Each structure stands twice: as C-alpha cells, then as structure tokens.
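> Residue numbers (the UniProt record's numbering), protein chains in the order written: chain A, 1 to 90; chain B, 1 to 118; chain C, 1 to 158; chain D, 1 to 507; chain E, 1 to 130; chain F, 1 to 769; chain G, 1 to 137.
In short, the hints are calculated from the structure, not lab data. Be aware that one or more of the hints could be misleading.
Under the rule of at most 30 Å between Cα atoms (straight-line distance), these lysine-lysine pairs were calculated in the DSBU-like manner [what the hints assert, rightly or not]:
#1 F/K484 with F/K199
#2 D/K204 with F/K713
#3 C/K126 with G/K2
#4 F/K762 with G/K60
#5 D/K428 with F/K361
#6 C/K98 with G/K60
#7 A/K28 with A/K86
#8 F/K536 with F/K518
#9 B/K62 with F/K713
#10 F/K361 with F/K518
#11 F/K760 with G/K60
#12 D/K358 with F/K762
#13 F/K518 with D/K154
#14 F/K361 with D/K448
Okay, the calculated bits of chain D under chain F, using three or more residues with CB under 8 Å as the criterion [as the list claims (entries may be wrong)]:
#15 110–121
#16 284–294
#17 327–337
#18 417–425
Please read all numbers here as calculations on a predicted model, not as lab measurements. Backbone N, C-alpha and C define an ideal beta-carbon position, used for all residues, glycine too.
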Amino acid sequence: MTLSTYIDYVILPILGVALLLVLVRIFKGPTIVDRVIALDLLITIGVGVITVFSISTQKSTFIDVAMILALIAFLGTIAFSYYLEKRGRK
Amino acid sequence: MELLLVILLGVLYAAGIFMLLRRSMVKLLIGLILLGNGANLMIFLAGGITRGKPPVIDDAAKLFTDIYADPIPQALILTAIVISFGLQAFAIVLLKRVYVLINSDDLDDLNTPEEEDI
Amino acid sequence: MVKQFLMNLLLAFTWVALTGVLSYSNFLFGFAVGFLLLWLMNRNESDHRYFTRVPKIIGFFLYFLYEMIRANIQVAYDVITPKFFMKPGIVKYPMNAKSDFEINLLSTVISLTPGTLILDVSEDRKVLYIHVMYLRDKDQFIQQIKDGFERRLLEIIR
Amino acid sequence: MIDNTLIFPVIVHLFTAIVQLFFWRKTVAQRIVSITGSLIAMLLATRLFTAVWNDGIRTMQAAGWDAPFGITFVADVFSSTMVLLTSFSGLAVSIYSATGVARGRMLYGYFPIFHFLLMGLNGAFLSGDIFNLYVWFEVIIIASFVLMTLGGRKAQIEGAVKYMAMNILASTFFLTGIGILYGITGTLNMADLSLKIAALENRKLVDLTASFFIIGFGIKSAVFPLYFWLPSSYHTPPSAVAAVFGGLLTKVGIYALFRVFTLIFIPDDFLATLLVILAIFTILTGTFGAVIKNNIRRVFSYLIVCHIGFMLGGLGMYSEIALTGALLYLFHDIMVKTNIFLIAGLIRKLRGTMNMDKLGGLYAEYPLLSLVMALVLFSLVGVPPLSGFWPKIYLFEAGFMDGQYALVAAIIVGSFATLYVIAKLWAKVFWKDQPDAPDGETPADEFKPLNPFRKSLLVVPIVFLAAITLYIGLAAENVAAVAKHIAHEMKDISPYIEAVLGPNVSP
Amino acid sequence: MIDILIGTLCTIGAVAILIAAIGILRMPDFYLRLSVTVKAATLGGGLLLLSAAFYFPEEVSVTTKAVAIIFFLTLTAPVAAHLIGRTAYFIGTEKWKGTIRDDLAGMYDKETHQLGSGDNEGDNISHPSS
Amino acid sequence: MLFAVLAGFIVSILYIPFGRFLKGKLAGLAALLPISLFAYFVSFIPAVSDGQRVTFHQPWVPSLGINFDFHLDGLSLLFSLLITGIGSLVFLYAAPYLRGHRYLDRFYAYLSLFMAAMLGVVLADNVLLLFIFWELTSISSFFLIGFNNDNAASRKSSLIALGVTGGGGFLLMAGLVLMGHLSGSYSIQAMVETNEYLKNHVLYGLILLLVFAGAFTKSAQFPFHFWLPGAMKAPTPISAYLHSATMVKAGVYLLARLYPVLGGTDYWTYPLIIIGGITMLYSAFHSIFRTDLKGILAYSTISALGILVFLIGIGTPQSLLAASVFILVHALYKASLFLITGVIDHETGTRDITQLAGLRKVLFPLAIAGLLAALSSAGLPFTFGFIGKDLVYEATLHTDGVMPIILTALAVVTNIFLLYAGLLAGLKPFTGQLPDRYQRIHLPSLLMWAPPLLLALLGIAFGAFPAIADASLLNPAASAMINKPIDTPLKIWHGFNLVLLLSGLTLALGAFLYLMRKPSASGLDWIERFNNLSPKHVISQLTHYVRHFAIRYTRTLHNGLLRVYLLRIVVFATLLLAFRLFAGGNIYLLPGYLTPLSVYEIAVVCILIAAIYLTVTSSSRLTVVVATSVIGYGMCLLFVFYSAPDLAMTQFTIDTLTVVLFVLVLFRLPPFLNFANRGARIRDWVVAATFGAIITLIGIQVLNQSFDDAVSKFYGDNAYILAKGKNVVNVILVDFRGMDTLFEIVVLSIAAIGVFSLLKLKLKASEKE
Amino acid sequence: MKSTILNTASSYLLPILLLFSIFILLRGHYHPGGGFVGGLIASIAFVLHSFTHGTDDTLKLLRIHPGVLIPVGLGLAVLSMFAPVLIGDPVMTGLWFDEPFPVIGLIGSALFFDIGVYIVVVGVVLTILFTISQYSE
Ligand code: NA
Ligand code: NA
C-alpha cells in the first residue's frame, strides 16, 4: 500500500468523519457560540484535509490554500465574538 | 462524483430560490449568495472537473506534462466571486440602511404609498 | 545576546551557502554547528546567557510537547469513553508575568495544553481566569502552573 | 479591420471617473471634468460611428490575443450606434447634473459613478465576448445601485432593494447561462459561439441555454412578467439618474437580447412566439399602469415598460423589417426617454412636485420651454412626423407580413395609451392653472433663484436631446438607413464573424 | 521509511482531529467543548502539516509554509478560543452541572465588561449563571 | 406645391420668435397666408377642370416609400380651396374676435399649423404622408380646442377629441400600412391601379375596418360623434373652421379619396350607408333639442357628415357628385352660421337660443347672412342648398332594390330636422322682439360681419348660378372619386318629379316644425334623459371600466411585495426551462462521465447539503450566517479537490470577509419573524424544489455534452511561452482575459464608493433632487 | 473590543499578515495567489487590527483614508493596461523585462496590473468595513 492510497482510504475518510461530527454540533448548537467554535474546528480540519490531500495528489500547490485558511480562519471567530460582546453590552 | 455535485447544484439553486421568497431581507441576501454559489458551481461543473491537477505549470517545466484542469471556468468563477462580493457588500449595507429607515428587515414594509411621491 | 544569535544565524547561512544544499535540515545542521563553534569560542562569562538559553528553550519546548501529549491522551480517553471523569471549574490564577508579551505567551501555552483554557485576563493584568477540566484542588493547580509553565517561560524571556 | 482605438469611448469615461475620484469633494472640478469627458466621449463616439459606417466592422483583440483566445471588442454599426446614442444621452445628463443634482450627492461620488456607468454601457455595447459582457453588466448594475441609493430617502432605498434583488437574480441567470454555454461550446467569444452553437447537434441544450439568456436579459429589460423592478424603482432616484436609467439602462438589456438572439441563438418558432406573446403582455401591462398613475415619473416608468414591448415584439417577429422597426424604436426611445426624465426633473425644479394634480400653469409661464417639452412628449407618442412615428410603420408592416395581428393591435393600444397619458399630462401640467397648495405651503421654486448660466445648464440638455429627436423624426431616412443596415447585419451575420475570426471561417 | 514516518504522523494527527470532533460533539457544555477542540485540533493539524513538510523535502517553500502554518495555528487558536470563551461567558452560556467552581462569577462589570481581579473578594462557590 | 403645404408650418414656427409683434392691431396680417394660398389654388382651377392633374415629388424617406408626393385633382382642389378660402375668412375674423387675447400669437400659430396640415391631407398622394398630416390635424386641433386652457371643460373636450381622433388615427395608420404592404406602394394613384387585388384580398375586410375606424372617428360618425359637440368649447372661429370645412371633413375626404381604391363593394357600401344613415338621423334628431347655438350647429354638422358618408357609401356617380356638392354647400352655410354665432356670442355673451331674439335690429348684416345661410341650409329653391338636397334625393332614389325607399325616407326625415336646425340657428336669433338688455349692442368690426355674409352670399350665388362651380370644381371632384370623367351639369330645375316632391315635403314639414316648436330647456332635459343610452355615456362607462380594470390589474400585479415578484419570475423561469427540457428529444438522467467517488468528498457534499438545510430552516440570524459560511468553506474544499487552488483561496477569504460584514451589520437587527403561513411555505418549497430539480437535470444534460477545448488548450500551451506565467488561472486573469479583471475591480471600487456614500451621505432637507 | 491577549496578538499578526499578503501578490503569476487574494489578506490584517484597536486607530496607522487607495490602484492598473497603447499595441498587451528577477520571476506589465488590483482590493475592503464599523459605533 502506497502512502497515497493509505491517505485516500484511511486518513481522509477519518477526517471526513470528523467533519461530519463537527457538522452535527453545528446543527445541535445549542448556542451560537457552540456553532462558532464548531465552525472554527471545521476550518481547522479543513486545513488538515487540504494538507493530506496535497500529499495524496503530490501537488504542494494545495498547501498554499491550507496556509490561507490557517491564517485567516480565526478572523471569523473574532468577528463573532466582537458582535456578540457588543450585542451583549447593549 | 458529478452526479453528487449536480444534485448539490440543484439543492443550492432550490435553497437560494426558497430564501428569495421569504419576507426577511437577510434571508433574501442569503438566497442571492446561495444562488451565486450555485452559478459558480454550474460553471465549474459545466467546464468539466478534474481531480488534483491544478492548472499550474511545474516549477521546472515550461509546459504541462500531465493533464490539467480547465483553467477557464476557474478564471470565470474567480471573477464572478469577486464581483458578487462587491454586490453583496453593497447589498448588506443597504440592508443596514433599510433597517435604520423602517426599523425592521421585513420586505413587505418597503412600500411608501404613491401619495408621498415628490 | 542578540549579537550572538545573529552571528549564529550568519554561520548557519554560510554553511548552507558552502554546502550548496538549500534545505531545512541542512540549515538546522549549520545552525547547530555554528552554535557549537560559538559556544566553544565564547570566553566571556558575562555573555554566557545565550548559551544557557538555547538549551532552556529546547527544554521548554520538549516539556510543552510532553505536557500536551500527556494531557491530550487524558482528554482523548475521557472523550471516547462513555463516562466523564471531569471536574471542570474556572479558576482565578494570580500571574507573575507582567508584560503583554509575557502574558500572551503564557496564556497561549496554557491554552494549548489540554484541560486548561484561558478565559480572560483581568483589567489590571494581575490574574488570569483559567477554565480547568480536571480541577481537583485549586491551590495545587495554581502551584502546578506556577512551577511548570510560568517559571520556565519567565526564565527564558527575562 | 483591426482598430485599437475603438475602446476609447470606454476608456475616456474610465479616465474621467478616475480623475474625478482624485478630485473627491471638489465639486466644481468634477463638474468641469464630467462635461469635458462627456464631450470628448461624444466626439470619439461620433468618430467611431463614422468610421464603422464608412469602412465596416472594426475589431480590437485585447492584449493582442487573436479571437477566440482573448477578449474581442467589436464595433459594428449596431454597437457604434448605441455608443453614439449613449454619448448624446451622457453629455446631456452630464450637463444637466451640473445644476440638477444636489451638491451633497456630488460630494459623495455622483459624478465618478455616473461615468463608470457610462463606461459600463459603452463596454457592454462594444464587447464581443459573452463573459466580458457579463462583467460590463455588473459594472452597470453596481453603478446603478449606487446612483439609485445615493443620498437615499426612504422611497429611494425601498425601490433600490427591489431593483437590486431582481437585477442580481437576473445576473445569476445570465451567469448560469454563460456557464452552460461554455460547457457546451468551450468558448466565450460571441462570433465563435455563433459558429459553435449553429453546429451543435443537441438543439435541446441550445434551447435550454437560450432560455437562461431570455430570463436574464428579460429581467434586465423589464419584460412581462419579469418587469416588476422597474415601476418599483424608477420614480425614486434624482431625475438626472432616472434619465440615464430610463434612457439607457433597460435598453442595454434590449441590446443584449438583440445581440445574443441574432448572433448566437436564432429564435425557433416557439421562442419567437413566446417573445411576441411576452411583447403583447408587456405593452398591455405598461399601458394599464401608465393610464392610472398620477405621478409623472411613475407614468413614464410604465411607459418604458410599454415601449419595451414594442421592441421585443420586433425581435419576436424576426424579419428584417421587424428588426428595423424595433431598432428604429430603440434609437428614438433612448433619446426621448432620457429627455422626458430630464423634463420631469426640470418640472420638479420649477414646481417642487411631480404629482400631476399639484402641477399646472407651465404653459402660461414658460411658453418656449413648454414648446420644447411638447415636442419631446409628442415625439414619445409618435405623432408624425416625429421620431416615434417611423418605427411603427415598420412594426405594423412586419406584423401584417407575419400575421401577428394581436401584436399590431397591442402596439396600437400601447400607442393610443401613450397618446392619452401624454395628452392628459399636457392638460394637467401645462394647461391647467397651478392649483393652490392645500396646506397653504407652496412648494419651492428652485429654478427662479438660479442665475442664467445655471438655468441654461438645466435647459440646454433638454433642447439638445430634443434637437436630436427632431432630427430622428425629420431625417428619418438617414436613421432608418442605419437601422436597416443593422437589421441586415443581424440577418446576415457572416461579416461580423469574419471581422472577428478572420476571413477563412464561414458560418 | 520516510513513508512510514509520514503515515504515522498522519494517523496520529487524524486521530487527534477525530478526537477533537468527537469531543465537540460529546462534551456536555460549551467551555469543555472549546477546551477540548482547541488543542486537539491544533495538535492534529500540526502533525498533518509536519507530515507534509516531510513529504516534500526537496521543496523548501513547502516546509516553510508548513512551519508557518503550524506557527500560525499555535498563535491564533488560543487567542480565538479566549475571545469566544469570554464572550460566551458574557452572554451567559450555561455551564455543565458538574462544574465545581467559578471564580469569574460576578467579576465582570455589567455595563463596561471590565474584568476585575477580585483581590478583595473571597473565593466564591460556583453556581451556574442562567 | 411643397412650399404651399409647408408655408403654414413655416409661418407657425416664425410665430415663435416674431409672434409678439402680431398680437395687436396687425393680427389680421396673419390672413395673408391663407389668402395668398387661396389665390395660388384658384390658379389651378382651369387646369384641373380640364382634367389635368398636378403632381409634385420630393424625396423624404424613400426607404419607407414616404416622400413628398402631392397630387392635385378635382377633389383635392375642392378641399384646398375650402381650406384656404374659409381659412382666409376665419383668419380675418379671428383678429377682432380675439383682440387683446394674450395668446393671440399662439392662436395663429396653431391655426396656420392646422391649415397646413389640412392642406397636406388633401394634397398628399402617399397614404402615409396623408396620415402624417392627418395626425397633425388631430394634434393641432387638440391645441385649438383646448385653446382656453384654463377652462377645465375645454381641456376635457380637447382630450376627448384627441382621444377619439388619435385612437382612430392609429387604427387608420395600421390600415394604411396594410394597404401599402399589400399593394406594394403607398401611392394612392398606384393603389388605384391595383385596387382589384386589394378588394379581393383576404385582408380587405380588415383594411376597411381600420380605414373606417380612422374616417369615422375623424368625421364624427356614430358612435364616435360625441367628441364633436364637446369640441365646441373652442373659440368660435376655430369651431367654424374645424367643423365646416376642415378637420371633420378630413374623414369624408379620406373615404372619397380611397373610394377608387377600396370602394364599390358590399363591404364598403353597407357599413357606410348604415353608419352614415344612423349618424345623420340620430344627430339631426338631437340637434332639434339643443338650445345652445353651437350645440345645434354641432349636431347638424354631425348629421351633415353622416349624409356625406352615406352618399359616399351609396357610391353611384350621382351620389358622389351629390357628395361633392354637399361638401361645398355645407361648408359655406355652416361656416357662415358658426361665424354668426360667434358674433352673437361675442356681443351678447350668450348662445342660448331661448334668450336670443330680434338681433336683426342691431346686427343687421348678420341677420342677412343668417337668413341666407339658413335658407341655403334649408335647401330653398335657388339656393345652393337646394341643389345639394336634390342631388341627395336623386342619389338615394337611384339605388337598387328596396333600398331607395328606406334610404330616401331616412334622408327626408334627416333633412326635415336639419332644416329646422338651420332655421333655428340662422333665423331665430334675429326674429322677434329684441330684449332690452341687447339694445346697446353695436355692430362689430367689418372683419367680423363681412366673412359670414360673404359666405352666405356665395351659397346663394352658387345656387343661382350653379354653372360657376359645377364644371370647374364639382364634376372634377366627383370624377376624382370614381376615377373617370364626369360631366353632369348642375341644374336648378329638374322639372316636376319625385325629387321635387320630396324637396317640397321636406321644406313644408321643416317649416312647420320651426313654426310649431319653440326650443326650450325642457326639450333639452327630455333628450338628456336618454343620456345613459348615448354612445358618449356608453363609451365613458367603458372607459371607466377599463380604468378600473387597469387599476385592479396594476395593483394585483404590482402589489408591492418583492417576494411575489420574485415568485412570478421564478415560476416563469421554471415553466420556460421545464418546457424546453421536456419538449421533444430524449433526456439524459445520468452524467455522461463520472469521476470516481471518495468518502471524504461525499462527506463534503453532505456537509454542504446539511449546511444549506440549516441555512434555510434556521430561525436565528447568526446560525444562518454560520451555516452560510460553512457552505462557503465546503465550496472551498470542493475547489481544492477539483484542482482550483486559486478559487479555493479567493472563496475562503471572501467568505470570511462576508461573515465579518454580516456580523457588523446584523448588529441590532431583531430576530427573524416567521411571517409566512404554512401554505405559502409549502408553495415556495414546491416552486424552489421544482426549480432545483430542473437545474439538476439541465446540469446533467450539459455534462453529457463534450466540447472543443481549443481555447483552454491554447491557454495551457502558451501561458508560459507567450504570457510568461505558470499559474494559468492567474495568467488568464491578468493577461489573456485581463479586461475582465480590470473592470471587475471597477465593480469593487464602485461598491466601496457606494457603501461609503450610502452610510455617510445625509442630504440636507433642501437637497431633494 | 478590549482584550489584552488579542491586542498583543494583533500587533504582531498585522506585520506578519501584511508580509504574507505581499508574498501572495508577487508569486501570483507562478503559483496560486495574486492581487486579489493578496489584497484580501492585507485588508484582513487591518480589519483584525481595527477589531482590537478601534477603527480610528487603524485609520491613524494607515495615515491616509483607504478610499484614496481606490483611484491610486485603479490608476495603476489602467496605466499598466494602457502603456502598450503608447507604443502602438492593443490595450493590455503584456510588456516584459527580459531578465527574470529573483523570487518574483519575470517582471512585466501584468505584475503592475496585479499590484493595482491589490491596492484597489485593499482600498475597497477597508473602505467598506471601516465605513460600516464607524457607522455602527
Ligand atoms: Na490546557
Ligand atoms: Na491568482
């Protein structure tokens, strides 16, 4: 078994399952902050998915995408905090 | 995979349309965003999809040595994404103005009677 | 100390240039060789800190890794087993760290180790509020952090 | 013929806008730059039109990539005429805006956006690439959103929301259509598309793709039952803006319909019939709306819808005569619709309202102005021999030729309604004495306090456009020749394709 | 050989991420979910990136990027967690019933959201704010 | 000849700058125009009576076949002379009549315009040219009728007049275009040549319908006649001009002109006879109940028009000759009576026939004129009217079958009423005792009393010496109608025959009626009880219903609810696409080529669909935002899997920014309210799902179609070699298709400026526009 | 939003993100990236800064109003597009230096165009976001 198939048939499915689990949390909530952190986790998992995908396809190009995701993902979380905090203070 | 994506395409359009038909302006905007995603996916699919072969020539090469994904739909979608961002940004701010004006985002309230025309 | 660090970097780059192999492992090797040379050549007692700090940093890093893996396993166990063993609580932790940078680094480190999470820093920057997953005893926990991360960290920074 | 300068009418507006952005909040400079830019644009457009009229189709391959690989710009008679008319409208509105638009709006970018809009219009007319056309459409709609909401009062914002929602929806249909078009042909160049679509065996796909364009452009050109945004919004923005909207914005949809459905898709029987039916309903809907409204601009808005039907009907009949009629109507309509909204604006300046019941006495007070306005209004009606008359001859003839009696009847109804509402408007606004304001406060006369120069800035554009309208009416032969030429080119697209793709490809 | 190393790193990383995912699903309250996910995910992501760095040894830029991403995740994840965590506290997100202590209770100024250090106060026993 | 026609236009334009100089005493100078034109047309009499035809050609819009083609024959000449002749008198008359009126210059401008338009109508050889002038008469009469524009009734009348004549005009235009289209030329003379083809064409009926619609509305035929009495709101000189010689005669002229093209068939004859007959009887009857002088004249005019239509319908040489005679007769006496009425109105301030009496004592020349005109209209022997009436009876008697009896009876009854009306208008005001209040009235200026007198005298002159006009004018006119030479001298005396008997009967009964019946308000009241049945009322009811329908239609369609608009658009799109999809041809149900599936891709698609579901169903704004960004991230992953890193990056960054934007804006928005009821939601779901399903199917069709990837290959092959870049997408964006990118950043810039001004700009209250 | 930790973090994230954005911009012609994404990342850097320090502080940091960047960027893009016209080529024809530069590779008008795009995107995004946040405050 090559690394590529290992990733395709083991690692990526694991990550896929992880994505689905997180999605369940987004559905369940119950509060908005739960959804926000789930979203954040989703993106982090996305970084992982893209990384291993680039190994599987042997295209380092995709790492660039992962880098962008990692760099700015937290901005969303910060924006939500900003908003919720402001709303809470109102 | 195409079948799955083409179903996703239908779902995106259907959801977009459904959201367009709501009374809330926020939902309207979301609907437009969904439709925009749908249109992008349509372009993406229509051009044919190729897994894991980005249209980037290897550092060492001057030409593609392998097959590669069609770059045109990507360029088109990129343009479309950026354009929709501009429109969305404006639309979202318009939503803000609407809210300031009528104190709600209920689209049914957007009817100044004709008598108030200048 | 900055001077020595820069010197070390220069040596590492020179090594890379000399060998003509542009890769990380080669750079790291060059850095290590440079560090060794500088350490050997250093006879100035007052300027000794650079050579103690580098091992300390490595030590801290290993400690952090150890803590992280240990705690991760602990949490993983708790997550995948049906029963919860947690005793969560929010603890007020009086810091020794003063500067923004110190506070920041400390909180990053604490947050990244499983089981603890910084919720906030007080306005006067005296205390951290830490969410703890396995809180048995408050004072013991505070002491553990103080002796563990905070001391090691401040040693490196100050 | 390759002509790298054909893009100049686009560029000049782009430059004008950028220069004005550097003069942010310097309104005097902006006004001067705007009028200068519009003048230059008019000269360039005239030059382009003459060149194309005399020497045939001109093309420009952006960045020197041969079609179909790069983006092609094409100036044929159709597009260069549209550019020319746009430049007339643009100049008029530009001059009018110098006094007609509130200073507050100028401080917040009215002029640059206006020029971006004109740039977008010219770009759309000149583009020979379907996706590039989409980009131009987006430039146009975003600019129109901004102009519509600029300094927005409640009604304006409300109108803008509806306008925006439906126009973005239209863009989505357009974009989807482009995606499919690429997916079945692999090209975006319109001339190339023409060849590839003609050669495609799966006609069902072609028809489906065409439907997306019908819906997208149908919304943009306010065709029944897709027109709702227009009467919801066109009565709200400042008159100068409404003038550009009324004169040009829906027409760019019509332009696109004509371009795409003569060059790329040729309507089959079903589509032709559908277009005719839609045209009939469009006319009737516009008619019903126009006869019951009391605000000048609301009336005009519905008249726009009504008259869109005329042009759509011409496309539906698809004979050379019908296309000639529709095109002639298009040319007339651009000039007149721009002008009537300017007139509405001027009336508002004079009387502070656009409600016909509250207006009056203009005929007594401003006889000459009334005369000019009457000329324009009756041109709109199509009183012979004014401009609106000539196209109807072609349309009637085409209708009879094609056996489209219902369409002819609808055009008669639409024309009659136009006559009726304009006559009513004339009686109420010009003849009737100015009624006393019920609550004792007479609306401000914003015209009288102006100095003569600024007054002339409001009046000159109206006269200018009226003169062009008069020319279209009295020198109908020349204009009809242009329309005929275009109609001929629409039926025989090989010159266009040869100009773009070179002489060796024939359809 | 290197493949086995990479495979191992990948596996650990993926499992860590899976645990984070299970954690966010299973944990009984927001703070616990936050606590679990931040590090597990960072650890997992970091390991996966590390394996990429090993996989493309001849491409310096990939290694650089991988390191940069790890660095970034490490820097930003705690910050984001801290912000959303305190926000959750402001808006009164419920704590698990098993929570045994809450030093934060009553420390925030309701109006300004200023957080006191509470030096003058005694330890207060936790009570879920609702 | 072009100049002759255009002179009026030129003069009316010259009134704009110079009009103010002609407002005062010099106003009468305006009459120079019609007088010289009259002289000009008189000069053609010899030639035309010799059977010559004068033509003129000047290209205008040759591509449409519309040129300045003028054609002067007997018919045109008769009308031209009437137009310019009576025009001259009216121009002269108006100067004192409207002395000091602030819009006197505009009046003359309109009048000149109108006269020119009328000349154009009668001289044009090209039907479309004719139509152009035809519409100009409608428009200029609109301005003339509404001349007293501060009067609401006046405005309303002019609107109604324009509405009726303009509406008919558009139908006429269609008819004329159809004629031209079928016969291949718009020239009337050419159409005369091809008249058999036209008459036998399937669309002949339609042509007639459309042409009649134009003619009937213009010539005030039942049931479109009602605009004409209303048009009496115009100043009297205008009424005199419009209703005696010009405007209303245009319809008659058109029928006469087109007789050789379309006439002579049953489809032509019967409608004209019926409508003309109804019109003449109906309005003659109505005229006797009027008490307003102008009202009487209006209805009698309509009746006269009915007679003319009737005669043209009969279409025998006699009837056509009768028509031409009657045109002239009627013009003369009716113009005279109108002008007299004008003076009376001007001097006494009333036109109420019950108030007027004995005016002969103060307005003697007018009394003479009135008497003569009344006699002429009554058709007393030795008046021109007598000849006219004779010819009418002659014509009705010479029809076929049972028609003579019916038609003649109709004509007799009509003439009795008309006679009564003529006497009422011409005689009644001058006979009897002069009321005290009118004692101090003086004869107005010569220009006001001479024209009516002259016209009345002419009526007598032509009657006494019919030879003046018959060969020179009337025979040529009739011959132009039937398109062959006629030479029937008009005779004063036909001998004792049935016609004479009928004339006598008419006279006797008419005179009897005049002596027996006094006009009174009660009569008017009586007839007005039938108003509900009158065409005017019926049409105004109809208009009312149409208006109501329009209101309901517009309100229903344009109900202000954006979601309803969008729903309609979507339903339309769905139907269109569904039709295209399912009509004919086979549908693919699976994509033509499938790339293999993998678990994680399924997971991503599942996530996308679930997030879409959450977006649609969630009731919390923030959840919706979160879900929407999940969709964005899902798309981003798809883009990664399918080789679009640039897209993934852009999608992700933009998605993040959109979230930030939403979050900044949602601040303070209230929670969603679930407004829609269950039914609406289900409906929307069905619509949306159908649309989505169709899109899916379309997607599948597209995936089954392969395409030529030459362009894409070109980019791949040349990205580095020619454009010096290795990221082909980027190369496309900044080079191959750089224009797109340039203008896409323009879009962004505009959006930014828009946002800036949308939020910052607050207009001052004074800055409305 | 007041947070010591975020405050500190954002002050070192800002330069890192900006550096990164320039990196993405310059390599666009050879690798994924380019003016758009670069510009977006740069704006995100400033947005992040504004979240903690407040919009006014960020504006002070920028020294000019971001709106000014719009005409500047547009001008640059348009000029790079128009430079070829001056030597008689069609609009947008690529002009190139003959020798490649390190890191960036060949430098041509396309790069200046991309820089124009970058500047415009920064100007646009910041104008939009700052306007909104000032409006809400
Ligand atoms: Na921890
Ligand atoms: Na790029």
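> Next step is simple, just say for each hint if it's right about the structure.
Here is how each hint holds up against the structure:
With a C-alpha separation of about 19 Å, the suggested pairing of F/K484 with F/K199 holds against the 30 Å cut-off. At most 30 Å may separate the alpha-carbon atoms for a hinted pair to count; D/K204 and F/K713 meet this at roughly 27 Å. For the given pair, C/K126 sits about 16 Å from G/K2 by alpha-carbon distance, which is consistent with the 30 Å threshold. Between F/K762 and G/K60 the CA atoms are separated by roughly 25 Å; this keeps the pair inside 30 Å, and the hint holds.
For the hint pairing D/K428 with F/K361, the CA-to-CA distance comes to about 44 Å; that exceeds 30 Å, so the pair is violated. Note on C/K98 and G/K60: the hinted pairing holds, with a Cα-Cα distance of about 28 Å set against a maximum of 30 Å. Proposed proximity of A/K28 and A/K86 is supported: the alpha carbons are some 24 Å apart, at most 30 Å. Pair hint F/K536 plus F/K518 holds up; C-alpha atoms about 27 Å apart against a cutoff of 30 Å.
With a C-alpha separation of about 14 Å, the suggested pair B/K62 and F/K713 falls inside the 30 Å cut-off, and the hint holds. Annotation: proposed proximity of F/K361 to F/K518 holds, straight-line Cα distance about 21 Å (limit 30 Å). As the CA atoms of F/K760 and G/K60 are separated by approximately 19 Å, the hinted pair is consistent with the 30 Å bound. The hinted pair formed by D/K358 and F/K762 meets the criterion: a straight-line CA distance of about 27 Å does not exceed 30 Å.
Straight-line distance between C-alpha atoms of F/K518 and D/K154 comes to about 65 Å, which puts the hinted pair past the 30 Å bound. Restraint check: the Cα-Cα separation between F/K361 and D/K448 comes to about 54 Å, which exceeds 30 Å; the hinted pair is violated. Check on the region 110–121 of chain D: 5 of its residues sit with their Cβ under 8 Å from a Cβ of chain F, so the three-residue criterion for coverage holds. Given a C-beta distance limit of less than 8 Å, the hint that chain F covers the region 284–294 of chain D holds, as 6 residues qualify and 3 suffice.
Residues of the region 327–337 of chain D lying with their CB closer than 8 Å to a CB of chain F number 0, which falls below the three-residue condition for coverage. Given as covered by chain F, the region 417–425 of chain D passes the check, having 4 residues with a CB less than 8 Å from a CB of that chain where 3 are the minimum.
Of the numbered hints given earlier, the model fails hints 5, 13, 14 and 17; all others are met.
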